[in-house]
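K.L.:
Go by the hints and put chain B onto chain A.
There are 2 protein chains.
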Amino acid sequence: MQRYKVTLMYDGTDFAGFQRQPNKRTVESVLTKVINKMAKNPQPAIKIYGSGRTDAGVHALAQVVHFDFPFNIPADNMRKGLNSMLSMDMEVLKVEEVPATFHARYDVSGKRYLYRMDMGEFRNPFKRHYTGQWKFPVDLDKINQACADLVGEHDFTSFVASGAQTRTFVRTIYEASCWVDKANNELVFEFYGNGFMYNQVRIMVGVLVEIGSGTRPVHDILRLYEVKDRKQARRTVPAAGLYLKHVYYQGEDPEHPTKLPQRQR
Amino acid sequence: MQRYKVTLMYDGTDFAGFQRQPNKRTVESVLTKVINKMAKNPQPAIKIYGSGRTDAGVHALAQVVHFDFPFNIPADNMRKGLNSMLSMDMEVLKVEEVPATFHARYDVSGKRYLYRMDMGEFRNPFKRHYTGQWKFPVDLDKINQACADLVGEHDFTSFVASGAQTRTFVRTIYEASCWVDKANNELVFEFYGNGFMYNQVRIMVGVLVEIGSGTRPVHDILRLYEVKDRKQARRTVPAAGLYLKHVYYQGEDPEHPTKLPQRQR
Chain A
1 MQRYKVTLMY
11 DGTDFAGFQR
21 QPNKRTVESV
31 LTKVINKMAK
41 NPQPAIKIYG
51 SGRTDAGVHA
61 LAQVVHFDFP
71 FNIPADNMRK
81 GLNSMLSMDM
91 EVLKVEEVPA
101 TFHARYDVSG
111 KRYLYRMDMG
121 EFRNPFKRHY
131 TGQWKFPVDL
141 DKINQACADL
151 VGEHDFTSFV
161 ASGAQTRTFV
171 RTIYEASCWV
181 DKANNELVFE
191 FYGNGFMYNQ
201 VRIMVGVLVE
211 IGSGTRPVHD
221 ILRLYEVKDR
231 KQARRTVPAA
241 GLYLKHVYYQ
251 GEDPEHPTKL
261 PQRQR
Chain B
1 MQRYKVTLMY
11 DGTDFAGFQR
21 QPNKRTVESV
31 LTKVINKMAK
41 NPQPAIKIYG
51 SGRTDAGVHA
61 LAQVVHFDFP
71 FNIPADNMRK
81 GLNSMLSMDM
91 EVLKVEEVPA
101 TFHARYDVSG
111 KRYLYRMDMG
121 EFRNPFKRHY
131 TGQWKFPVDL
141 DKINQACADL
151 VGEHDFTSFV
161 ASGAQTRTFV
171 RTIYEASCWV
181 DKANNELVFE
191 FYGNGFMYNQ
201 VRIMVGVLVE
211 IGSGTRPVHD
221 ILRLYEVKDR
231 KQARRTVPAA
241 GLYLKHVYYQ
251 GEDPEHPTKL
261 PQRQR
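Protein chains in written order, with UniProt numbering: chain A, 1 to 265; chain B, 1 to 265.
It should be emphasised that the hints constitute simulated quantities derived from the structure, not laboratory data.
A couple of the hints might just be wrong.
If several chains are the same, the list does not tell them apart, and a pair holds so long as it fits within one copy or across any two.
In silico lysine-lysine, DSSO-like type, Cα no more than 30 Å apart, as pairs [unchecked claim]:
1) Lys135 to Lys80
2) Lys94 to Lys135
3) Lys228 to Lys47
4) Lys245 to Lys182
Chain A on its own, in the form it takes in the complex:
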């Protein structure tokens, strides 16, 4: 038995999210099927464990999963084997042999997300699955002032969708920033924190663009921390613009070694 850590990219467009669901095409179900086929369908079946879920339509530049495989295959052969069997909207970037103590979900120390927001006047058919859209002028300086309010340990109750299952709404954001990608005419947001709750990034971006366009005060985020009321944040920007960029594990970033309590996202 060998435990493998797999880093994979996927275009979330044609997946009903990461987590297995009956009769739906999900990242977990596609990957589980391929891995079990490679292992000649052992009983019990091989289970895969992801760093966390991504919602329907959300993309991953580098999602991480682990699983235990009955045979020992060199890591790079495992990568090639998986890629030869996976569909074109998924690509395994890296495979590593890891000790059986490694856990793709419990050992996460942080996650980094990108959000891409098209600023074009018209709906761009080529971006419909890959960005949100914001047509109003924004003040980048105001957005970055607001991003500074996000950094640190805060109670993000106002920034969580009602379906979130978590014991505490306190999370720490290490980095939050926004810049303009001129070549693509996009506003890009990047967040790095110890964990993000259900829809949290999409709700934060919704607040940030409203601040940028002047429909909320620059420091409205400080008020949102206080009121602890999801209804005040209103807008959840589309899943299409969200990318899981990197999953950090214990020891990878010495500056931010924090480990969340087990079984939390």
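P.N.:
Just chain B, lined up with the frame of chain A:
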């Protein structure tokens, strides 16, 4: 009755090409349906005329069509009306009222195409519908020497797929170039000519990358003109990387006013 010229962008991924086909979703059929619905389904139905076909999976940054509409609607209202009814993979960029003598196909004086070729080591899930892929090192200078051989009036028999219906294989290319898009790690080809035949651009790009990677002599294109044999060109690069960038009409480019004989593409 008012004739309208419509410039539209589409993501070709989910279309079985431009031309109407029974039981297939094509650009022509989707657009025809929406325009007839806007006109309250007149009898006989309104027909649309495109500048030419694009194949399944080929994209358009600016395709042009015309049609005659029973009512006179201001051009910009027509644009908004169409966009409100069209699916997200199509966007009308511009609508113009034109005289009844304008014809979207017969009046074409030239076309400009782009081809995007990803140079990444691995299959990028986000590019599977939007680029070709070429993993081998290329010599950009060699490709541009070969591009120079494409410019001018030539018999492109060796560069045409067998299904092409045309009376002559002679076409004129005004511009042909290739550069590296570093931000996206892509090789980009651009061609402007008085007309391109079935698969011609995709076959030319196949020859150019082989020249760039040294598997063909730099001036092999001169030989291909002579042999007039499609089998010598071999490779047709994927439709996914091809974009119709601009359609030129009579008088638009004074340097290249050439009009093809009627009923040719």
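K.L.:
Hint by hint, note whether the structure agrees.
P.N.:
Evaluation of the provided hints:
Taking the shortest alpha-carbon separations for Lys135 and Lys80, only the inter-copy value of 16 Å comes in at or below 30 Å, while the best intra-copy value is 42 Å. In this homomeric assembly, Lys94 and Lys135 come within 30 Å of each other (Cα to Cα) only across copies, at 18 Å, whereas the closest approach inside a single copy is 38 Å. In the homo-oligomer, the alpha carbons of Lys228 and Lys47 never lie at most 30 Å apart, since the shortest distance is 37 Å inside one protomer and 57 Å across protomers. Taking identical chains as interchangeable, the C-alpha atoms of Lys245 and Lys182 lie at most 30 Å apart whether they share a chain (20 Å) or sit on different chains (20 Å).
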